[in-house]
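Novice: Position chain B relative to chain A; hints supplied.
Here's the letter readout for the chains.
Protein chains: 2
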Amino acid sequence: MIKIAVDLKGADRPQEQLAAGVLDAVRDNADLFVYAFGDRAVLEDVLGGNDRIELIDSPETMTNDEDPAEAFRTKKESSIVKAMQLGKEDSGIQAFVSCGPTGAIFVSAMMLLGRIARISPILLVELEKQDGTPFCVADCGANVDCRPEKLVDFAKMGMAYMKAVGVESPRIGLLSNGAEDRKGSAVVKRANELLRESGLPFDGNVEGSGLFTCASDVIVCDGFSGNVLLKTIEGSAKTVISQMRELGADRELCDRLYARYDFNTRGGAVLLGTKLPIVKGHGAATALTVRNIIGSACRLASGGINEKIRAAFETQ
Amino acid sequence: MIKIAVDLKGADRPQEQLAAGVLDAVRDNADLFVYAFGDRAVLEDVLGGNDRIELIDSPETMTNDEDPAEAFRTKKESSIVKAMQLGKEDSGIQAFVSCGPTGAIFVSAMMLLGRIARISPILLVELEKQDGTPFCVADCGANVDCRPEKLVDFAKMGMAYMKAVGVESPRIGLLSNGAEDRKGSAVVKRANELLRESGLPFDGNVEGSGLFTCASDVIVCDGFSGNVLLKTIEGSAKTVISQMRELGADRELCDRLYARYDFNTRGGAVLLGTKLPIVKGHGAATALTVRNIIGSACRLASGGINEKIRAAFETQ
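Going line by line, the protein sequences match chains A and B.
Residue 212 in my numbering is what sits at position 212 of the first sequence, and the numbering runs on without skipping anything.
Residue 26 in my numbering is what sits at position 26 of the second sequence, and the numbering runs on without skipping anything.
I should point out that these hints are in silico values taken from the structure, not numbers from a laboratory.
Among the hints, erroneous ones may be present.
Straight-line Cα separation of at most 30 Å, DSS-like style, residue types lysine-lysine; simulated pairs [stated by the list, open to error]: (1) A:88 x A:3; (2) A:163 x A:88; (3) A:129 x B:183; (4) B:189 x A:189; (5) A:189 x B:238; (6) A:183 x B:275; (7) A:238 x B:163; (8) A:189 x B:183; (9) A:238 x B:183; (10) B:238 x A:238; (11) A:238 x B:129; (12) A:275 x A:3; (13) A:238 x B:189; (14) A:163 x B:238; (15) B:183 x A:183; (16) A:238 x A:129; (17) A:275 x A:163; (18) A:183 x B:76; (19) B:129 x B:163; (20) A:275 x B:183; (21) B:238 x A:129; (22) A:183 x B:189; (23) A:76 x B:183; (24) B:129 x B:189; (25) B:308 x B:3; (26) B:238 x A:183; (27) B:129 x A:183; (28) A:129 x B:129.
Just chain A, same shape as in the assembly (with noise of 0.2 Å):
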């Protein structure tokens, strides 16, 4: 049995909407057991009465508008702050899911659950090559200044996370603004040399226009550069395709492109390196987002991924 803590508050649409998409996910997956967190009087009628499903009722909010630390400290009966209370303890529960706020998220899983092997945690996206096969992009937005070593810890995350959900022997690619391994900001340049010294499957540097046809699975790069790089190909992919349309291209044809490209409604960011693994979904989540990251999230549990990172890191 795969036990998953859902948070179902703080994000646009009301929990009782999104709570549909937990009943899809139990049915999508006979192994699963859904801790849910939200409103109990509000959530029984969609979410009572089955038997791979406990409601925990949890009556804070806690939102975008506020302080995340202060957030923490205050809110002690929030849906974020039951959840990984519930996650802390020997709940069996292996990973959480939420389209709340990702700051109070992230404080609330540093200070109850606390990080692996003191490495620094990472939001990692899975995105798709040309072919579509997955590749990752690892860090997207936790960690906006670093240091060249952290490029190593990331490449290793990106790795167990590539495992976990299939990949063999993932190889590494490193972000920058050149293929040859002299290029780079300082900081990149160093990162190259560690990761090649490293012993790890370093293919070199990757530009970003190779990113959907390069035989890397992991991009490694600071959370600064992949945040941009993440929303640079979904605003890149967009307008072509309503470019596209304005050229007269059928409808539903463009419709399609765009659902692989609408990242809030495909599987979510995952935030690895605390000591259960976290999809967040967009805060414009809808039913189907939640049980996209649902899925998502018992695939990473199913695929060992916190075994595989401590691993990662024990053998240093």
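Specialist: Relative to the frame of chain A, chain B by itself:
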């Protein structure tokens, strides 16, 4: 009369092929005079006998495989050095165009032409928003690591560029990992403060997802982020268009859109900040590229780009 120096050597294709683009450019613009640098014996057939083209024999060629500083020191008879030398003298040359090695162009320009007002030159690229209006990214690779103060200089150069190409009151956006002022790397957060204090028309931070739809005409960033941004746009657009083709979209429609994102044959990058503006075409340039980049150089010269940059830095 607009006088442009055109270097025809050091690209992938032979100079006599690229020279056809010079003839087209001269036909495009009755006000244009070109100094063409290459092997006279080879170019005479194509360019000889035109009273608006002067051939200047340049037996040596700079390549991408050599150290730029060393090439500058030893190849005084190269097309790049000879063109810059003439540009430095009282020849009336207003811009320089080349598809040769960027490093050698950069070093030669710094040594022979020198900088305007001690600013750090940038590589600027003009792109199109979703609605077809122009915007530019500054810097796209000349300054990989830079202090926050530099980003204010990049904003001024970007504004001078947009004014030269006809945008009356260009506005500035700062590339960041979030729209709020408090988002960004340490350098970007400080640059945000400096731009707020500068009195320049600053819109605040712009995310990768908003590039093609935001109100800003100049996207300011360091050369590392700018290069990643530019190449990611190119890679994403080409990937989406190729997926569209696979899904069955009309070939002709896809080709038209592809040409919009094929930065190799479009206008080229502009090196701004040395005493002559330099339009740099891709090494894989065709005669059409040469025609286009000479057109860009004419537009910048007519728009008084250098006077505008000087004015921006003199009013400091």
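Novice: Each hint needs a verdict: does it hold in this structure or not?
Specialist: Verification of the supplied hints:
1. Distance check on the hinted pair: residue 88 (chain A) and residue 3 (chain A) sit about 13 Å apart at the alpha-carbon level, within 30 Å; holds.
2. Proposed proximity of residue 163 (chain A) and residue 88 (chain A) is supported: the alpha carbons are some 25 Å apart, at most 30 Å.
3. Taking the CA atoms of residue 129 (chain A) and residue 183 (chain B), the gap is near 29 Å; set against the 30 Å cutoff, the hint holds.
4. Taken as a hint, the residue 189 (chain B) and residue 189 (chain A) pair is honoured in the structure, with Cα atoms around 23 Å apart against an allowance of 30 Å.
5. Distance hint between residue 189 (chain A) and residue 238 (chain B) is fulfilled; the C-alpha atoms sit about 28 Å from each other, no more than 30 Å.
6. Straight-line distance between C-alpha atoms of residue 183 (chain A) and residue 275 (chain B) comes to about 27 Å, which keeps the hinted pair within the 30 Å bound.
7. For a cut-off of 30 Å, the pair hint linking residue 238 (chain A) to residue 163 (chain B) stands: about 29 Å separates their Cα positions.
8. Simply put, residue 189 (chain A) and residue 183 (chain B) have alpha-carbon atoms about 25 Å apart, close enough for the 30 Å limit, and the pair holds.
9. A threshold of 30 Å between alpha carbons decides the hint, and for residue 238 (chain A) with residue 183 (chain B) the separation of about 24 Å falls inside it, so the pair holds.
10. For a cut-off of 30 Å, the pair hint linking residue 238 (chain B) to residue 238 (chain A) stands: about 13 Å separates their Cα positions.
11. The suggested pairing of residue 238 (chain A) with residue 129 (chain B) holds, with an alpha-carbon distance near 12 Å, which does not exceed 30 Å.
12. In summary, the hint linking residue 275 (chain A) to residue 3 (chain A) is supported, as the alpha carbons are separated by about 15 Å, within the 30 Å threshold.
13. Restraint check: the Cα-Cα separation between residue 238 (chain A) and residue 189 (chain B) comes to about 28 Å, which is no more than 30 Å; the hinted pair holds.
14. Of the pairs offered as hints, the one joining residue 163 (chain A) and residue 238 (chain B) holds, with about 28 Å between alpha carbons and a cut-off of 30 Å not exceeded.
15. A threshold of 30 Å between alpha carbons decides the hint, and for residue 183 (chain B) with residue 183 (chain A) the separation of about 27 Å falls inside it, so the pair holds.
16. With a C-alpha separation of about 16 Å, the suggested pair residue 238 (chain A) and residue 129 (chain A) falls inside the 30 Å cut-off, and the hint holds.
17. At most 30 Å may separate the alpha-carbon atoms for a hinted pair to count; residue 275 (chain A) and residue 163 (chain A) meet this at roughly 18 Å.
18. A distance of roughly 27 Å separates the Cα atoms of residue 183 (chain A) and residue 76 (chain B); the hinted pair therefore holds under the 30 Å criterion.
19. Between the alpha carbons of residue 129 (chain B) and residue 163 (chain B) the distance comes to roughly 17 Å, so the proposed pair stays at or under 30 Å and holds.
20. Of the pairs offered as hints, the one joining residue 275 (chain A) and residue 183 (chain B) holds, with about 27 Å between alpha carbons and a cut-off of 30 Å not exceeded.
21. For the given pair, residue 238 (chain B) sits about 12 Å from residue 129 (chain A) by alpha-carbon distance, which is consistent with the 30 Å threshold.
22. Distance hint between residue 183 (chain A) and residue 189 (chain B) is fulfilled; the C-alpha atoms sit about 25 Å from each other, no more than 30 Å.
23. For the given pair, residue 76 (chain A) sits about 27 Å from residue 183 (chain B) by alpha-carbon distance, which is consistent with the 30 Å threshold.
24. For a cut-off of 30 Å, the pair hint linking residue 129 (chain B) to residue 189 (chain B) stands: about 25 Å separates their Cα positions.
25. Taken as a hint, the residue 308 (chain B) and residue 3 (chain B) pair is honoured in the structure, with Cα atoms around 18 Å apart against an allowance of 30 Å.
26. Among the hinted pairs, residue 238 (chain B) with residue 183 (chain A) is consistent with the structure: their alpha-carbon atoms are about 24 Å apart, no more than 30 Å.
27. Of the pairs offered as hints, the one joining residue 129 (chain B) and residue 183 (chain A) holds, with about 29 Å between alpha carbons and a cut-off of 30 Å not exceeded.
28. Restraint check for residue 129 (chain A) and residue 129 (chain B): the C-alpha separation of about 25 Å stays at or below 30 Å, so the hint holds.
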